[in-house]
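Chains X and P, in that order, are what the protein sequence lines are.
Residues 1 to 329, numbered by this note's numbering, are exactly what the first sequence covers, in order.
Residues 1001 to 1077, numbered by this note's numbering, are exactly what the second sequence covers, in order.
Hints in this document: simulated from the structure, not taken from any laboratory.
Just to be clear, a hint being listed does not mean it is correct.
[What the hints assert, rightly or not] 30 Å max Cα-Cα, derived DSBU-like pairs, lysine-lysine:
1. 43/X / 1010/P
2. 43/X / 267/X
3. 267/X / 1010/P
Keep in mind that this is a model prediction, so the values were computed, not measured.
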Amino acid sequence: MEAQQLLIVFSGIAVSTVLALVAVRLSMSLARRLNLLGRDVHKPGNVMVPKIGGLGMAVSYSVTLMLLSPRADALTLTLLASPVLSAAIGLSEDFRELNPVLKPVLLALPGLVVIALGTYDPHPLIPFVGRARLTVVYPVLLVVAYSVVSNAVNSIDVVNGSLALFSIPIVALSIPVSLALGAPAPVLVAEASLLGSLLGFFVYNRYPARTFGGNVGSNLVSAAMVSFAVLGGFEVFLLVALLPAILNEAVVIASMGGLKSGKEVVKRPVLVISGLIRDNPDLSAPLTIVRMLSTGGPVNESRVARDIGILSLLSSSLAVVTMLIAWRA
Amino acid sequence: MMALSSPLLKMMALILVVWLSLVAVLASVGLIVSATGQEAGTFVGLFRLLAALVLFAVWALWTLMLVQFWYLRVLRR
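Sequences are here, hints too, so could you generate the full structure?
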């Protein structure tokens, strides 16, 4: 049985990587045709890059999940519908910016899909305590989680390659956690599909990026990760693994004095001089993870992305330790 | 192999500190709410829930202050 599960995981990764390599390239052509280009702000000059590469990831994730999922049940439907709905909200934002206050409300909608399909178990595994019974609060936390995680992952997608380098360790380590907890087969297939999609996307998004993920990409990844954690019963793993992104989102919101669009920010957290990123000496500028990582002097963009990946690897490893503690309770 | 930068090491230390505090808070929150199953719908259950939320909010506020402190006093030194 375990060998069969591993076979499903490896086939899922292989199929979705190949599909993503094709689909992301097609989404780049589509973005050029629709003039959906974004300025690469950390490059000298006015470099414009296609910004909906995440659409290709959404296609490769969905197609792989439908092809390899053992059955078409409520679990598979949840793993498909929640991330795709979140990605659709992101795609609409890639066309036209959403109101910064309305956006978190919309991003909570994928959580309602999980509640409507009744595919959650309100007994999360908590360190030193074991399974807690949260029948009343869990659905509320679930809806909030989709919104918070979407914003958190979006806030980390700021330099070339950072979305993939941040997400790959989390999704990769969630697979052994799912296997250990005996998560349902569709969850394993979905995790493998997302991992492969991220690997294929990274080929085009690594420095110097040929495409950005866009809100469609970051929303897909975040909603998929929340769905895996909820359906697989490892919510605490995701909370710990996402610590760098959640901390980033929290300090950004706090230092900007509330929910604001990026375009409303007058002072930039970092300065870009000769293609190198450096900490803005103005202390009143918003605080971000990139600003914190560039306090040692000017750094290039690929190094910042690498550092974000290392922080994600650390937090994901700590998340595995947390699950081991929780499991023993 | 690329050397790890000083800000990265300091950020890794920050993540470790926040993780340790988070595990402690999660365990406390879990202990506080774990009995609510038997007391669902009662005032005791509601107060347990409120206490857990307040504890988590205090931790979140402390973490925000810690990150600001880390940036100003640890990373920028």
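Structure-based check of all given hints:
1. Taken as a hint, the residue 43/X and residue 1010/P pair is honoured in the structure, with Cα atoms around 27 Å apart against an allowance of 30 Å.
2. Between residue 43/X and residue 267/X, the direct Cα distance comes to roughly 18 Å. Compliance with the 30 Å bound is thereby established for this hinted pair.
3. Taking the CA atoms of residue 267/X and residue 1010/P, the gap is about 25 Å. The hint holds against a cut of 30 Å.
Violation of the numbered hints given earlier is absent; every hint is satisfied by the structure.
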